[in-house]
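J.: Sequence:
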Amino acid sequence: MEHSRRPEPEETAKAYEERLVPALFQDVAKHLAEAAKVHTGQDVLDVACGTGILARAITRQYENLGSVTGLDLNPGMLAVAQRKAPGIDWQKGDAEALPFKDRSFDVVVSQFGLMLFPSPTLALQEMYRVLRPKGRLVVAVFDSINRVPAYEAMSTVFGRMVDPAVGEALRGPFALGDTRRLSALFASAGISAPDIRTLETTARFPGVREMALADIKGWFPFADIHLDEPTINAVVEAAEAALEPFCTDSGMVEFQVPVHVLSAQKF
1 MEHSRRPEPE ETAKAYEERL VPALFQDVAK HLAEAAKVHT GQDVLDVACG TGILARAITR
61 QYENLGSVTG LDLNPGMLAV AQRKAPGIDW QKGDAEALPF KDRSFDVVVS QFGLMLFPSP
121 TLALQEMYRV LRPKGRLVVA VFDSINRVPA YEAMSTVFGR MVDPAVGEAL RGPFALGDTR
181 RLSALFASAG ISAPDIRTLE TTARFPGVRE MALADIKGWF PFADIHLDEP TINAVVEAAE
241 AALEPFCTDS GMVEFQVPVH VLSAQKF
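End of the sequence shown = 267 in UniProt numbering, gap-free, step of one.
Because the hints were derived from the structure by calculation, they are not lab data. Treat the numbers as computed from the prediction; the structure is a model and nothing was measured. Wrong hints could be hidden among the right ones.
Label-pair restraints from in silico Cβ distances [said to hold, decoys possible]:
| no. | residue 1 | residue 2 | range |
| --- | --- | --- | --- |
| 1 | Phe267 | Ala241 | 48 to 54 Å |
| 2 | Asp249 | Arg103 | 49 to 55 Å |
| 3 | Arg147 | Ala223 | 20 to 26 Å |
| 4 | Arg160 | Lys92 | 35 to 41 Å |
| 5 | Glu254 | Gly190 | 39 to 45 Å |
Note that the Cβ used here is the ideal one computed from N, Cα and C, for glycine as well.
Generate the whole structure from the sequences, applying the supplied hints.
T.: Put into structure tokens, the structure is as follows:
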């Protein structure tokens, strides 16, 4: 199931921006930008910014910001982010060891990064550390995969048609869907009980093949998963049946995606 040529990180990041952002992340970024409640002159940090969708949404939402910084460990993501919004300060860095001094930002946000960090607790501690007093922390994670049956179906397809480990890789982003566990994570990081709200967002992919390719081209290579064309075609054929309940008359794939938004203030 290997390509003869593995894509460059920037190539995968470009696919992520083109295939996943408009279908799945764009609307959530608008909600998070509103939840951030940034005031005039405040400094904002977007942790695990990816191609910068949330940082860009914040700059569009608010005027007269102090500064907006996006941080990610992946240079491919940052290269795409830099091209999309050269006015934002994009920096390479680790969420579990943020390269900033204590109390450097008024608002820290992170969209769909927490569940992918090796130590979510350490990442939360770092985000809290760089917040100023009365600063605001806003984090978004997907609900559990059993609340997103379209992705549960795709996980089953990948597990059956490719390898069980590939099916499990697709489940990874949904690993922190339990709100009790999320509250416990914040507590273990020394952060007072967060406000937790669940958004009902809608994913919209142009078709079944496009939904499959969004992960195959824009997510799996980051996990060192590379599928050849015959395998991709077999996956798409199986997915056509599995995703039929989520297909519109025009062939689009649409389904609800619950997202937990956690907000906390530093005192």
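J.: All hints are to be evaluated individually against the structure, with a verdict given for each.
T.: Outcome of the hint check:
In this structure the supplied range 48 to 54 Å holds for Phe267 paired with Ala241, their Cβ-Cβ distance being about 53 Å. A hinted range of 49 to 55 Å holds for the C-beta pair Asp249 and Arg103, which are about 54 Å apart. Distance hint check for Arg147 and Ala223: the Cβ-Cβ separation is about 22 Å, which falls inside the suggested range of 20 to 26 Å. Roughly 37 Å separates the CB atoms of Arg160 and Lys92, a value that falls within the hinted 35 to 41 Å.
Glu254 and Gly190 have their C-beta atoms about 40 Å apart, which keeps the hinted 39 to 45 Å range intact.
The structure fails none of the hints (numbered hints given earlier).
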